[in-house]
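K.L.:
Listed below are the residues making up each chain.
Protein chains: 2
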Amino acid sequence: MSEKVSPLAPDHIAELPPVDGVRIATAAAGIKYADRTDLMLMVFEAPTAVAGVFTRSLCASAPVDFCRSNLPGGVARALVVNSGNANAFTGKKGSEAARITAETASRAVGCEAGQVFLASTGVIGEPMDAAAFSDKLAALADQADADRWTDAARAIMTTDTYPKVATRMATIGGAQVRINGIAKGAGMIAPDMATMLSFVVTDADIGSAALQALLSEGVEGTFNAITVDSDTSTSDTVMLFATGAAAANGAPRVTDATDPALADFRSALFDLLKDLAHQIVRDGEGARKMVEITVRGAASAGAAKTIAFSIANSPLVKTAVAGEDANWGRVVMAVGKAGQEAHRDRLQIWFGDIRVAVDGERDPDYSEDAAAAVMKRDKIDICVDVGVGDGEATVWTCDLTKDYVAINGDYRS
Amino acid sequence: MSEKVSPLAPDHIAELPPVDGVRIATAAAGIKYADRTDLMLMVFEAPTAVAGVFTRSLCASAPVDFCRSNLPGGVARALVVNSGNANAFTGKKGSEAARITAETASRAVGCEAGQVFLASTGVIGEPMDAAAFSDKLAALADQADADRWTDAARAIMTTDTYPKVATRMATIGGAQVRINGIAKGAGMIAPDMATMLSFVVTDADIGSAALQALLSEGVEGTFNAITVDSDTSTSDTVMLFATGAAAANGAPRVTDATDPALADFRSALFDLLKDLAHQIVRDGEGARKMVEITVRGAASAGAAKTIAFSIANSPLVKTAVAGEDANWGRVVMAVGKAGQEAHRDRLQIWFGDIRVAVDGERDPDYSEDAAAAVMKRDKIDICVDVGVGDGEATVWTCDLTKDYVAINGDYRS
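Going line by line, the protein sequences match chains A and B. Each residue of the first sequence is one higher than the one before, starting from 1 at the first, in the working numbering. Each residue of the second sequence is one higher than the one before, starting from 1001 at the first, in the working numbering.
One should not assume that every hint holds.
Facing chain A, from chain B, some residues (calculated, C-beta under 10 angstroms) [to be verified]: (1) Val1123; (2) Ile1124; (3) Asp1256; (4) Val1317; (5) Ala1320; (6) Asn1327; (7) Gly1336; (8) Ala1342.
Far from chain A by the CB rule (all over 10 angstroms, computed), these chain B residues [said to hold, decoys possible]: (9) Ala1132; (10) Ala1139; (11) Asp1142; (12) Ala1146; (13) Thr1167; (14) Asp1229; (15) Arg1253; (16) Thr1255; (17) Ala1257; (18) Lys1274; (19) Pro1315; (20) Leu1316; (21) Ala1357; (22) Asp1369.
Taking lysine to aspartate or glutamate pairs in the DMTMM-like style, the calculated list, with each CA pair at most 20 angstroms apart, reads [unchecked claim]: (23) Lys1093/B / Asp345/A; (24) Lys1032/B / Glu361/A; (25) Lys93/A / Asp1363/B; (26) Lys32/A / Asp1403/B; (27) Lys1092/B / Glu1126/B; (28) Lys92/A / Glu1096/B; (29) Lys1092/B / Asp365/A; (30) Lys1093/B / Glu361/A; (31) Lys93/A / Glu1361/B; (32) Lys1092/B / Asp345/A; (33) Lys1093/B / Glu292/A; (34) Lys93/A / Asp1359/B; (35) Lys1093/B / Asp325/A; (36) Lys1379/B / Asp1390/B; (37) Lys402/A / Asp1365/B; (38) Lys1032/B / Glu368/A; (39) Lys1093/B / Asp1142/B; (40) Lys92/A / Glu1361/B.
Just so you know, these hints were derived from the structure itself, not from any lab. Yeah, the Cβ is synthetic: ideal placement off N, Cα and C, and Gly gets one too.
Isolated chain A, as found in the complex (with noise of 0.2 angstroms):
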């Protein structure tokens, strides 16, 4: 946790009313920081519906493949997060550690283990004794309140310089349900201190298996399509509960992701994990820009996006958003190395509302002055059209500063 917080921190820190269904604690388990909380339990008072997507590192953290064993049971009743040791690459001891975190929070909950997930970010390759705090989690669970979003989204951050959390209001067949959301990142991945994870919960009362294709939808544009360094951390989880509490208020029960009764809550669950991924861009390892780059006329939409994340995590780029130039000759380059097809001689660059670029060359127009304007501001949107097709696609970015340099690279000076 750094004391500074991010100069592209949201102004103020929204609180989060309840969810029904859910309640949460958290505690200071000393696993590595002192004098902060870094133990989450949710408790979820039924069995409640659950989706989820991992990372597709192939050296998934421990946490990450028991997720992926427990998620087609499609039920939740609790959720455990800890900050400090990600217990990944620990082997056989890391499997045994989500075992006995599993087992402890099922008895505390009374639930059966398969109805637990776990998340763990932090320190990699460090064994995790989760017998050193497990046992906290049965008070946890006797403590846990409906009022402790802010709280748990605390006890979650590792480099984050400020808690991230979301809600919205949504109506389903005319009732109201509410979603709420935290999550935690800094580095899109710094897997010795970082990680991306996102917790997402409604009242609302979805199957699992619509909820699913609805997460799944959902990250697409979200939380798949931001960057801060271009490294995919062995932990990253972001996973969705449906309490199903609405009920009592007259929610129907929905149990096909494309019920057109699920239209509105699509629209704010899309809408809520897009404010949670660009809290985190907001919060990328030392940026002092955030970076909205579009990409169109590309071949496809994948093509589109692939050659948005070129030049998203193109250093070069990043560099020189951060020293304010409007360098779109990177842009070029970016747009060149991707792979994908793009029309050199039609291509057009904007930044801002500046195009820069037109049919594969300086714009006749294009003012040095005007574009540097453009570049001194905290938000710089860049636009390319590769002149090839339809496909479009947006991600967000952050710029690459001495200051990431410093987090990531100081530790013994």
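Got chain A sorted already, so can you dock chain B onto it with the hints?
P.N.:
Showing chain B alone in chain A's frame:
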């Protein structure tokens, strides 16, 4: 050109002897820089076999397009290289500038424009006024001398902090032949100011098809196995010329790359290419450490190279090296995100000769002090066995320091 020479620069710059059949001249044409040479002409006295490999960028520069179209002819009489302007993303004006340069050179040397090869490096997107410097080519052709290799290496520099030269001898059919090479590059590419270029000339008598086969094979483990920042130039060019002048000393003509007579030459050529490639990494922008990454036990050599580049391009691995932090957790992360088969629970990692991880967890004999001592070296060797098969590859990179951000961030504030 930086004032400060890289701390990883060679102790001294080799003096290159002449290669029969080629003469060189340089000039200060004022294309962008003041008080330095920025134009280089190589004149091949007789029709000379030529081979080339070029950027994979889909937004290649006009000189790259021009070389690609001349290469099937297989004969070179002149090479013109300028620094200061990349003539990339310059539309029709760019092709026109390339055409003017080549025609002027062909008149100066007395050959066809199809026997002229070009390369440009420097600012991208800025129209290049070829008329302003091509009138110098006639004088250069007159002045050209066999003894100007270091001058040539200096004239093509951009952000390079030292000229990159190498020379080797080899025997073909009992006769001695020479190979000289020069290179430039400091960011793997920073198209605003850098690009990777290399030109190698031998007096061996080798046909162009065989030459091309040798070069294409030779770059795989050398120029195509280095990275500074994962960014790819619009202008990357490596060319190999064989004047055939050594035929006068009894060197036999060889037209098949698999001819056993080429064994010694091939070995000397590949060694020279690796020498030049390493000189580029050692001049990586802001670099203080060279990193050699070997991946073995992969499903194939290609898979090993993909994993090795995933490690070499990871900002988190590179900042850890800069911080002298033996952060093998980040190596695990980079293996995991590479998308190639790896056996998490059989993974082994070494820093230098210190095994830090084995069987999917921290080595039981791991010594933080021993690993820290390795990280203090100028050259860091990272070896990973992914426990799947026999595929192996080695790539080279440098660390990511605050100086990289400073060099490329061009802070205008």
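K.L.:
May I ask which of the numbered hints given earlier this structure violates, with the numbers listed in increasing order?
P.N.:
3, 14, 19, 20, 21, 26, 28, 33, 35, 36, 37 and 39
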